[in-house]
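A.B. asks: Chain residues, written in single-letter form:
Protein chains: 8
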Amino acid sequence: MKAILIMGSKADINFCKKIADKLAFFGIDCEMKVASAHKTPMRVLEIIREFENEDVVFVTVAGRSNALSGFVDANTTKPVIACPPVSESFAGMDILSSLRMPSGVAPMVVLEPENCALAVAKIFGIKNENIRKKILEYQVNKKREIEEAEI
Amino acid sequence: MKAILIMGSKADINFCKKIADKLAFFGIDCEMKVASAHKTPMRVLEIIREFENEDVVFVTVAGRSNALSGFVDANTTKPVIACPPVSESFAGMDILSSLRMPSGVAPMVVLEPENCALAVAKIFGIKNENIRKKILEYQVNKKREIEEAEI
Amino acid sequence: MKAILIMGSKADINFCKKIADKLAFFGIDCEMKVASAHKTPMRVLEIIREFENEDVVFVTVAGRSNALSGFVDANTTKPVIACPPVSESFAGMDILSSLRMPSGVAPMVVLEPENCALAVAKIFGIKNENIRKKILEYQVNKKREIEEAEI
Amino acid sequence: MKAILIMGSKADINFCKKIADKLAFFGIDCEMKVASAHKTPMRVLEIIREFENEDVVFVTVAGRSNALSGFVDANTTKPVIACPPVSESFAGMDILSSLRMPSGVAPMVVLEPENCALAVAKIFGIKNENIRKKILEYQVNKKREIEEAEI
Amino acid sequence: MKAILIMGSKADINFCKKIADKLAFFGIDCEMKVASAHKTPMRVLEIIREFENEDVVFVTVAGRSNALSGFVDANTTKPVIACPPVSESFAGMDILSSLRMPSGVAPMVVLEPENCALAVAKIFGIKNENIRKKILEYQVNKKREIEEAEI
Amino acid sequence: MKAILIMGSKADINFCKKIADKLAFFGIDCEMKVASAHKTPMRVLEIIREFENEDVVFVTVAGRSNALSGFVDANTTKPVIACPPVSESFAGMDILSSLRMPSGVAPMVVLEPENCALAVAKIFGIKNENIRKKILEYQVNKKREIEEAEI
Amino acid sequence: MKAILIMGSKADINFCKKIADKLAFFGIDCEMKVASAHKTPMRVLEIIREFENEDVVFVTVAGRSNALSGFVDANTTKPVIACPPVSESFAGMDILSSLRMPSGVAPMVVLEPENCALAVAKIFGIKNENIRKKILEYQVNKKREIEEAEI
Amino acid sequence: MKAILIMGSKADINFCKKIADKLAFFGIDCEMKVASAHKTPMRVLEIIREFENEDVVFVTVAGRSNALSGFVDANTTKPVIACPPVSESFAGMDILSSLRMPSGVAPMVVLEPENCALAVAKIFGIKNENIRKKILEYQVNKKREIEEAEI
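Protein chains in written order, with the numbering used here: chain A, 3 to 153; chain B, 3 to 153; chain C, 3 to 153; chain D, 3 to 153; chain E, 3 to 153; chain F, 3 to 153; chain G, 3 to 153; chain H, 3 to 153.
Read the hints as simulated data drawn from the structure, not as lab findings.
Where is the CB? At the ideal position from N, CA and C, for every residue including glycine.
Treat the hints with care, since some could be wrong.
[Said to hold, decoys possible] Taking lysine-lysine and the DSS-like style, the derived pairs with C-alpha atoms no more than 27 Å apart in a straight line are:
1) K144(B) / K19(B)
2) K144(E) / K19(H)
3) K4(E) / K129(F)
4) K135(G) / K129(H)
5) K136(A) / K129(B)
6) K4(F) / K135(F)
7) K12(A) / K145(H)
8) K19(G) / K145(B)
9) K145(E) / K35(H)
10) K19(F) / K144(F)
11) K135(E) / K4(E)
12) K145(E) / K20(E)
13) K19(E) / K35(E)
14) K19(G) / K4(G)
15) K19(G) / K145(G)
16) K19(A) / K145(H)
17) K20(G) / K136(G)
18) K129(H) / K136(E)
19) K145(D) / K12(B)
20) K145(C) / K145(A)
21) K129(G) / K4(H)
[Unchecked claim] So these bits of chain C aren't anywhere near chain D, every CB distance computed over 10 Å:
22) K19
23) A22
24) D31
25) M44
26) R51
27) E52
28) E90
29) R134
With these hints in hand, go ahead and build the complete structure from the sequences.
C.D. replies: Structure (structure tokens):
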């Protein structure tokens, strides 16, 4: 049970580390890979094959025109979560490149690293009771934060 | 193993039926519910509780300002896929109400009913080999469609 | 006669204090609450019930995907003013989540804390002559500011 | 107790009639006026003065660059609801002309005629118990519509 | 022959001074006024009347929802140039409030103070040969700047 | 005293005729020309020269990326009004190509043919009392239309 | 000397035929292929290899999130022109997925089939005098169309 | 074999130097010119003529409303690449002025200086084997950068 984080460029490493940190909270291991759907597609396919018989969820992290998320999703039967870093350019509308998929390609889009980790946890939670308990604990904490806010 | 489709208004029934049809292809049952995070939140919470100990993925279908997806996600440990029908008004930017979640709320956004069903299938596929095989069959067909296109 | 400010996160406290300060000018008391439509909906409903028999206007302050304003409005017969802090991300289009309400849900949107306080005052003004006088005084001052501007 | 609907052009008459019809449901009378902040500002000021000592809420209906709503609001101590018909041109962004008010000008924006009427009702509801009861009845019906939806 | 600069708020004084400086280059006098179409419409009408029998072009400077430009234009037979300071909020789309005029209201939109002064000069140039010569001199300089650019 | 309408393509002829019709109401003659800043710049320059010693205002009508308006404006001392037909594509944002001029280039933007004709009339009105009277008559009619609207 | 048109889906065939027709005018052969960067990347790479030693320009035609153009460009030393069909959804902002390339990936974007063919011709024109002559003939015709427009 | 960089204003010199630097890597000479389609069109035409019988690709660099790229393209048979510096204003939508060309005008749009240089190289590569080898070397390096990224 592992999340495979594929980032399109090494520049996204800090963004990915935030996802990894939160995954650790939920007790989920992860591996981080750098590979580009544009420039090193064979490497991407190799990564997909490497984990095809393992228990994984892919997380794809790519800014600008995000080809990576759809590319990974179309070539694996595993769930793929697209977590694109949002750019300030063009009113953030690069996000459409993560959303506007052709038929048969279905990466699931989640913004922000923390929420991405939670989404991964929820997927693994359908078969792992410990993770479900961690999610519950996490959600209870989030509620408590609000309930106990002093103003 | 079941997808629970919650639509915010009965007006979205045809959109939801497209999801249900495709889920059937993957061998996944579904139940359809009408409930509004704005107007009948207790009913939404009741639906969530009803399935808390079952093996489900929630799919939320709500247009305009989509409160439903985040509301369901924050109140369940199960995975939630938001599949909002895209409006032509305001350049489709209602989509942001499905994406811009606060910390601790993580519905996964997928546009188009068919792709939504595929995403549900991929999630269940992590514990069900039959579904994984159906996904593979589906993906092979999609590839073949392209490879055999005569022009 | 009181304004109930509900903020979705403690992070909006300074924004809310600006509303409160201006309400004080108009002679209107306020209470500030932290509660999330996503994460603590029962708490929100509790706050609504608490004031259902009092003479209040609700002000809802929530950024990103604003579920709070519609949620409060749909569950109270009292007037609700949505005053969402505008984000620089996505060209501020989160504002649509405050505006694009389904039928039967009608929070009234006002940008900027000062103007929000004025709108609250105008609502209470329909039954309180003192507040109406304060509004008039306020408007006269605003006019004078312009008329006496030296350039 | 009356809603004064001011439309910037006779072309908005059908839009206004929808508001009037719904106001009737809540037991609220209304008068409809045509006046333009650009072209007949003295007429607008005259309408405002005519009702200054009456128990009214103004509703302003103007498309394109909406000067009317801010103009009315700045010149009355009464509450003003802006209900601009949304254009398909420019991605509906004319809406910003209703929202982006200078300091001291605070029309409250509500989209859609039905919701506008509800907002008017909520304002009058703070001093009229009959209207509050009508709102409650209306909200209960809205909830029932969803609860009883058969799919 | 004079340009009358009306700014909606004293905050726009520096922006207006840039217009005035450039007008001086073209040999055109100007007067600067502060008046708001929303808050002091009578003052705006008074300014318009004051110059109705003089040889003037109006320049209106107002940010956010620009009611001033259309208001001035609809109430004078003189040419009106709208020169709104562009905001970074909402992707600068406040500009639409200067452009989307109803029938019979026609302020002419020019961005940037320098270009606004040039446009005023061109209008006066149709009856004043000296100004036309200044424009020609200005344009020749602009061309020379480019032709002599060393890189 | 004449308006010179330059359209970038013959396809804009009907749009231009609407301007011409309204100019006729104001007693202003016009000539219509087809010329493209991209494809026939020498022809555009020739047209400009042809009228350099006449009493004219240029109106430029070009859709998509509007190079024509800035091109004409930079090469004449006469006033230039850009009246671009608004496209439904890209949320009408082609309008920016008419507005975002470099320093020293100042076409004045007016949307809609009728308003464009009015703007031309206002410019000529600064030296022609008859036209000023026509504008006044026109504005009085516009006001009356609103004042006499029966609803 | 040949243009290789790769379309992401057979649905784009009519769009591609318009490019092919115009290429024929310039005396340029073309081959049309269907292949998807998402679903059949190996097929895309195979097409690229097939023409690596031939004298070709690639034209990529893919709507929605356009992964194809960048994918082809990154894997060939040949020039690649992206000619995405523009969607009405989301204000046409899918176009950003063709433009916002990472470093080292440089498809050249041209909208409209006819202009795409012209761009291909210009590229081949740098080594083929006959094509250059055809371009000149084409441009002369375009100019003449404008010069001879009767209005 | 040379790239001719035309910038609309000297202010773009640093942007152009980045293109020149990368062109040098590919072994391609370049000349830089300052000329404006608006203000010095004759100079632009002169530059075009100067190189009409040479082996060149034009690169046009102009911000705001980009008239230069289409102007150059329509007046030369050579390939033209538009590389507009992206503005933060108006959500970067000035880019449309580079894309929305009329029929018969086909500058090819590439964002970012480095990618622009690569596109130029690919065009020259169709007739120069050395440049093709440089592109291959460049692409291999780009791939290696990703493959060897240590994280």
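A.B. asks: All hints, please: hold or fail.
C.D. replies: Cross-check of the supplied hints:
Restraint check for K144(B) and K19(B): the C-alpha separation of about 21 Å stays at or below 27 Å, so the hint holds. The hinted pair formed by K144(E) and K19(H) meets the criterion: a straight-line CA distance of about 24 Å does not exceed 27 Å. Restraint check for K4(E) and K129(F): satisfied, since their Cα atoms lie roughly 14 Å apart, inside the 27 Å limit. Between the alpha carbons of K135(G) and K129(H) the distance comes to roughly 18 Å, so the proposed pair stays at or under 27 Å and holds.
The straight-line distance between the Cα atoms of K136(A) and K129(B) is roughly 19 Å, inside the 27 Å bound, and the hint therefore holds. Annotation: proposed proximity of K4(F) to K135(F) holds, straight-line Cα distance about 17 Å (limit 27 Å). As the CA atoms of K12(A) and K145(H) are separated by approximately 12 Å, the hinted pair is consistent with the 27 Å bound. Of the supplied pair hints, the one linking K19(G) and K145(B) holds, its CA atoms being roughly 23 Å apart against a limit of 27 Å.
A hinted pair counts as satisfied when its Cα atoms are at most 27 Å apart, and K145(E) with K35(H) qualifies at roughly 14 Å. Restraint check for K19(F) and K144(F): satisfied, since their Cα atoms lie roughly 21 Å apart, inside the 27 Å limit. For the suggested pair K135(E) and K4(E), the alpha carbons sit about 17 Å apart, so the restraint of at most 27 Å is met. Between the alpha carbons of K145(E) and K20(E) the distance comes to roughly 22 Å, so the proposed pair stays at or under 27 Å and holds.
Taking the CA atoms of K19(E) and K35(E), the gap is about 12 Å. The hint holds against a cut of 27 Å. Taken as a hint, the K19(G) and K4(G) pair is honoured in the structure, with Cα atoms around 15 Å apart against an allowance of 27 Å. Distance restraint check for K19(G) and K145(G): the Cα-Cα separation of roughly 25 Å lies within the 27 Å cut-off, and the hinted pair is therefore satisfied. At most 27 Å may separate the alpha-carbon atoms for a hinted pair to count; K19(A) and K145(H) meet this at roughly 23 Å.
Restraint check: the Cα-Cα separation between K20(G) and K136(G) comes to about 18 Å, which is no more than 27 Å; the hinted pair holds. Our distance criterion of 27 Å between C-alpha atoms is broken by K129(H) and K136(E), whose separation comes to about 52 Å. A distance of roughly 12 Å separates the Cα atoms of K145(D) and K12(B); the hinted pair therefore holds under the 27 Å criterion. Note on K145(C) and K145(A): the hinted pairing is violated, with a Cα-Cα distance of about 46 Å set against a maximum of 27 Å.
Note on K129(G) and K4(H): the hinted pairing holds, with a Cα-Cα distance of about 14 Å set against a maximum of 27 Å. With a closest Cβ-Cβ approach of about 17 Å to chain D, K19(C) is found to remain outside the 10 Å limit, as its non-interface label requires. Every C-beta of chain D lies more than 10 Å from that of A22(C), the closest at about 16 Å, which supports listing it as non-interface. For D31(C), the condition that its CB be more than 10 Å from all CB atoms of chain D holds, with the nearest at approximately 15 Å.
Interface exclusion of M44(C) from chain D stands, the closest Cβ pair being 17 Å apart, more than 10 Å. The non-interface label for R51(C) is consistent with chain D: the shortest C-beta to C-beta separation is roughly 13 Å, beyond 10 Å. Every beta carbon of chain D lies more than 10 Å from that of E52(C), the smallest distance being close to 17 Å; the non-interface claim holds. Look at E90(C): its CB is around 15 Å from the nearest CB on chain D, clear of 10 Å, so calling it non-interface holds up.
A Cβ of chain D approaches the Cβ of R134(C) within 10 Å, the least distance being about 5 Å, so the stated non-interface status is violated.
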